[in-house]
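Below, each chain spelled out in residue letters.
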Amino acid sequence: MSAKRWRRSKDRLAGRAMGTLALLVAVLVFFIVVALAARARPLLDIQSPVELLTSSEWHPLQGKFGFLTFIAGTVWVTVLAMALAVPPCLLCAIYLAEYAPRRLRSAIKPIIDLLAGIPSVVYGLWGVLMVVPFIREVVTPLAAQHLGAIPLLRVDNPTGYGILASGVVLAVMVFPVIISVTEEVIRAVPDGMREAALALGATRWQMVEGVVLRRALPGVIAAVVLGFSRAFGETMAVMMVVGNVPQIPRSIFDAAYPLPALIANNYGEMMSIPLYDSALLAAALVLLLIVLAFTIAARVILLHAVRRAT
Amino acid sequence: MSTSVGKHLEERIMLGLMIVSTVLVVGSLLLILATVVVKGAPALNLAMLTQVPRGGYYLGKEGGILNAIAGSLALAGGATVLSFLLGLGVALYLQLFVRQGSRFAHLVRLSLDVLWGVPSIVYGAFGFTLLLMLKMRASLLGGIIALALLELPVMVRGMEEVMEMVPFGLKEASYALGATRLETALRVFVRQAAPGIVTVMLLAFGRGIGDAASVLFTAGYTDRMPNSLLRPVASLPLAVFFQLGTPLPEVQQRAYAAALVLVVIVLGISLLTRLLVRRLSRYVVR
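Those protein sequences? They're chains Z and R, same order as listed.
Under this note's numbering, the first residue of the first sequence carries the number 1, and numbering increases by one thereafter.
Under this note's numbering, the first residue of the second sequence carries the number 311, and numbering increases by one thereafter.
Treat the hints loosely; a few may be bogus.
With a straight-line cut-off of 25 Å between C-alpha atoms, the simulated DSS-like cross-links for lysine-lysine are [claimed, not checked]:
#, chain 1, residue 1, chain 2, residue 2
1, R, K481, Z, K4
2, Z, K10, R, K481
3, R, K349, R, K371
If you are wondering where the hints come from, they were derived from the structure by calculation, not from laboratory data.
Put together the whole structure using the sequences plus the hints.
Following this line, the structure appears as structure tokens:
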């Protein structure tokens with residue numbers, strides 16, 4: 001009898017221990033936010049969050065910490081990366097899901113999935129070795145000659161390191177993310193809908209455009225948002241090619257200084273200047289909150305999509 | 311597009327664009343691999359793999375990247391063990407110890423999905439605040455903790471997926487024989503899912519070994535071999551990052567070699583998991 005009781009209480013004990021672990025996981029995000037906020041507190045006591053986010057003055061030695069320059073850098077880089085990545089990703093995903101012969105698809109899919117695992121520092125290395133020289137030697141001179149009049153394409157920075165380079169590197173980095181999710185949601189569209197469209201005399205593209213994409217739209221949006229949030233928080237690859245000049249960019253050829261690069265570049269000095277560590281951990285907090293917002297948005301959209309599909 | 315000529319022309323154009331895009335995507339990804347191999351292969355030799363850098367990793371022209379290889383294996387290995395121990399408990403709990411449709415389980419899964427998307431630099435910053443709290447310096451242990459958190463979502467979600475494939479009948483049979491939930495968890499679920507769990511561990515290891523931003527604050531960097539949990543360690547991603555930044559070509563060779571070693575490890579793991587999955591799924595009843 002006591003053996004049975006022992007087994008039962010062991011079961012209950014283990015259940016409690018595992019439940020505690022699960023609880024820790026459930027509150028971990030919250031805990032990270034609180035821990036970062038606690039460290040950022042000394043700075044927030046002096047500077048209001050609004051001031052922090054909207055000031056572009058960054059003089060750590062004078063105790064002035066404004067994130068606007070860095071937030072602008074992050075936004076420029078991420079938006080450019082998405083503009084470069086989304087069109088080819090959608091077309092590639094549609095091709096793989098709707099057009100490609102089975103064997104070609106089963107050859108390409110694993111390659112894309114495999115490359116999703118390549119470490120970001122390797123993307124950065126590629127950026128330094130190929131993308132930056134290409135932009136410096138080929139793109140910049142051409143743009144300086146022909147496109148100088150267009151405000152967003154003015155060339156003031158001939159080094160090749162800058163927003164364009166990091167946009168290209170990031171775009172390639174998010175290819176696998178966007179393609180695999182998009183391809184999946186497109187394939188989840190019921191075949192009956194395709195057949196109905198084709199039976200009405202639609203071409204394949206008309207079917208894709210009018211029926212499949214319309215149906216898969218929320219999922220596609222979620223894929224893009226996922227890619228966006230991945231790009232937004234990316235550190236190493238961007239930091240290696242973006243130039244790291246604290247200025248508000250005016251052109252895609254300008255150098256910039258995104259938020260993650262700020263944190264990573266200055267960790268060495270952060271304990272030697274007062275409030276510097278607060279400022280950098282506040283930057284991490286800002287980054288986290290923005291990414292959280294995007295992740296949750298993507299989830300809500302996906303949930304909506306699933307509900308609509310079933 | 312109302313005429314039939316127009317719609318067929320449109321079809322042709324779109325198909326052309328799609329093929330161009332696919333070639334662009336696959337081509338650029340393969341180009342990255344090619345770059346790493348072309349640059350890394352000449353830099354790779356026995357001395358590179360078996361020596362630590364001499365005269366400092368940033369300026370010394372002699373020596374190799376053994377410190378980074380060993381450091382990365384220690385970091386990712388330790389993190390994988392730690393997140394496995396934490397993750398196994400959570401996964402088993404979600405599978406066996408909660409009611410169907412439990413709100414708490416839903417919350418835990420939501421949290422894991424959110425954690426999956428948290429940038430690694432944030433894990434690094436968080437790990438750093440933990441180290442400050444514990445009055446520790448950048449060290450192997452700090453790096454292991456930060457990486458374990460980074461690997462945790464992969465681990466738990468992966469193990470749950472594997473455990474969901476355990477036939478329902480096995481669970482019922484185990485309960486019918488009078489086994490408790492814990493006994494069912496350890497003797498039936500873990501055993502049945504063991505090969506899949508190994509696959510998940512490999513995946514998590516792959517995610518951990520390639521990450522740089524989270525170990526930057528927490529593990530630091532050093533020329534030495536890892537020798538204590540409380541001292542800094544080198545790692546392959548940071549070996550690429552730091553040594554690429556020097557003006558010395560000899561030092562840059564070490565960066566190329568480190569990148570190639572890293573890619574070989576990550577892709578090797580990926581291929582291995584694929585083989586494992588294929589081999590295992592031969593015996594799964596669909």
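Tested hints:
| no. | hint | in the structure |
| --- | --- | --- |
| 1 | R:K481 with Z:K4 | 20 Å, holds |
| 2 | Z:K10 with R:K481 | 19 Å, holds |
| 3 | R:K349 with R:K371 | 18 Å, holds |
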